Amino acid sequence: MKTELDIPALVVFLFFFALVTVMGFVASHWRRPKTLASLDEWGLGGRQFGTWITWFLVGGDFYTAYTVIAVPALVYSVGAYGFFALPYTIIVYPFVFMVMPKLWQVAKDNGYVTAADVVHGRYGSRTLEAVVAITGVVATMPYIALQLIGMATAVKALGFEGELPLIAAFVVLALYTYSSGLRAPALIAFVKDIMIYIAVIAAISVIPGKLGGYANVFNAADEAFKAKGSGSILLQPSQYVAYATLALGSALAAFMYPHTLTGIFASKSATTIRKNAVLLPAYTLMLGLLALLGYMGHAAKLKLASNNDVVPALFQMLFPSWFAGFAFAAIAIGALVPAAVMSIGAANLFTRNFWKAYVNPQVDSAGEAAVAKIASLVVKVGALLVIIYLPTQFALDLQLLGGLWILQTLPALIFGLFTRWFTAAALLAGWAVGLFGGTYLAWTDGLKPLHMLSVGSFQAMVYVGLIALVVNIVVAVLVNLVVPKPVVTAKVVRT
Amino acid sequence: MGRHYLWLLLIPFVGLLWVPFYNFHDPVLFGFPFFYWYQLAWVPVTAFLTWLAYRTYANED
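Line order of the protein sequences matches chains A and B. At position 354 of the first sequence (counting the first as 1) the number is 354 in this note's numbering, and the numbers step up by one without a gap. At position 35 of the second sequence (counting the first as 1) the number is 35 in this note's numbering, and the numbers step up by one without a gap.
The set of hints was computed from the structure by calculation and includes no laboratory data. None of these values were measured; they are calculated from a predicted model. Where a beta carbon is used, it is the ideal one built from N, C-alpha and C, also for glycine. Be a bit skeptical, because a hint or two may be false.
[As the list claims (entries may be wrong)] Reference excerpt, derived from the structure (chain B facing chain A, CB under 7 Å, subset only):
| hint | residue |
| --- | --- |
| 1 | V14 |
| 2 | L17 |
| 3 | N59 |
[Unchecked claim] Listed next, with one range per pair, are the computed distances between beta-carbon atoms:
| hint | chain 1 | residue 1 | chain 2 | residue 2 | range |
| --- | --- | --- | --- | --- | --- |
| 4 | B | R3 | A | T35 | 40 to 48 Å |
| 5 | B | L8 | A | M452 | 32 to 40 Å |
| 6 | B | L8 | A | K108 | 23 to 31 Å |
| 7 | B | Y5 | A | A432 | 32 to 40 Å |
| 8 | B | R3 | A | I388 | 47 to 55 Å |
| 9 | B | L10 | A | A18 | 43 to 51 Å |
| 10 | A | V477 | B | P27 | 39 to 47 Å |
[Said to hold, decoys possible] Covered stretches of chain B (in silico footprint by chain A; criterion: 3 or more residues with CB under 8 Å from a CB of chain A, positions within the stretch not fixed):
| hint | stretch |
| --- | --- |
| 11 | 19 to 26 |
| 12 | 38 to 50 |
Please put together the full structure from these sequences, using the hints given.
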């Protein structure tokens with residue numbers, strides 16, 4: 001890739017970056033309440049986002065900058081296997097449709113802001129609340145760091161070296177998130193998503209034409225994989241189970257994260273969420289086509305230092321400089337929206353389930369907002385330090401484990417919406433065995449997402465997070481059967 | 001309308017998670033091998049099935 005500064009690209013990039021910065025600060029006046037000084041307002045935007053705002057916010061928050069960079073990079077490197085992101089981001093929506101309106105209703109009725117609030121309200125267990133909160137924060141940190149990697153890839157493609165632009169962008173992000181809360185990423189998401197759509201639609205309609213059509217793109221990728229001796233445009237039979245379990249496990253984990261749940265809790269109604277389960281797949285269509293940029297990289301015969309450069313390199317090679325700048329701005333802004341929502345989600349957890357639970361139970365709503373604002377700054381600085389001082393691989397490994405960890409909170413958060421059968425002790429036991437057992441498996445496999453499972457003559461590579469979830473549920477059921485239930489339920493909750 | 005429409009939401013899980021259904025090159029559509037266009041086609045199909053389920057709920061907005 002080019003490394004010298006590219007002036008037209010830079011001008012376009014800086015224009016859009018300045019635009020969203022202004023929007024980030026102006027957002028505190030958007031649909032302004034009497035005061036922003038409560039967690040419902042700062043951390044959830046007043047629980048008033050309708051269908052379209054939610055569509056842009058959750059779309060901007062779930063399909064992150066890192067996705068835009070990493071999915072085509074994986075497809076470029078291994079072929080069909082990298083395409084599991086597509087079934088994953090399709091089946092996630094029937095799940096959202098069935099589960100999330102119920103969760104929203106419980107949160108709305110009781111003023112809950114976080115997953116751990118819901119768990120505490122349902123089971124009355126401070127311990128279960130704490131492990132859900134800690135799991136959420138720890139799983140989110142590397143996810144924010146990945147957004148920085150996505151942004152760094154776009155900034156590098158503009159010809160910048162070093163960490164200064166990244167630090168500058170993050171300081172600006174931290175400041176407007178501090179002042180505007182969830183309203184900032186919600187407003188910026190409009191710009192970000194429209195820019196990403198324009199960039200992707202241009203890419204998938206223009207690039208294949210320049211490379212001899214889609215048939216040629218697939219043929220070129222096929223030949224490149226055969227020449228390389230690894231990867232393929234179809235799956236090997238040995239990859240079937242891996243592909244399906246990665247898709248299912250990722251889909252179940254996706255809306256357990258604090259940032260995606262924040263988007264759910266901020267919705268106006270259960271209907272808003274159901275409508276979005278119908279409308280959000282539009283982003284999936286975009287992602288599926290975007291993934292094919294990995295194959296276009298082979299058709300364009302790119303020579304890359306890193307697989308992550310495939311998307312920026314294609315834009316630089318096949319588009320005029322100003323449009324490449326537009327696309328890089330879209331990716332960089334695409335990192336800001338999820339990073340902001342992630343830091344808000346983590347800050348909400350810290351405030352509700354640590355500060356209010358243990359430090360100051362009498363804290364009022366203005367005090368909660370003040371604590372959350374500081375916590376959001378700390379979370380972002382932490383992620384920045386991880387990226388600057390630790391190797392990139394560390395953030396990637398942690399992100400892999402983060403997916404496994406967050407998946408282990410599913411029984412505690414979701415089962416209680418449908419049944420009153422489980423006890424806190426059983427769910428806690430399941431969580432512990434799933435999380436620590438799963439981490440041990442992943443660790444002994446050399447931090448790989450897949451584990452070789454042998455049952456009798458059946459052998460397959462299975463997503464380790466899903467194995468851990470199954471064990472988690474089995475342990476919870478067994479403990480529930482063996483240990484007698486406490487006679488008095490802790491707290492009655494309207495559902 | 002009955003809630004039995006919700007069973008429709010299981011169909012995408014079957015169609016997408018049983019990989020032997022679609023791990024083929026042919027038939028090719030618009031240059032896309034079957035593996036790719038089959039999965040892409042599930043996006044509008046799933047949205048449609050979800051919309052059918054959506055219609056069974058009262059609109060609260």
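Go through the numbered hints given earlier and state which of them the structure violates, listing their numbers in rising order.
-> Hint 1 contradicted; others consistent.
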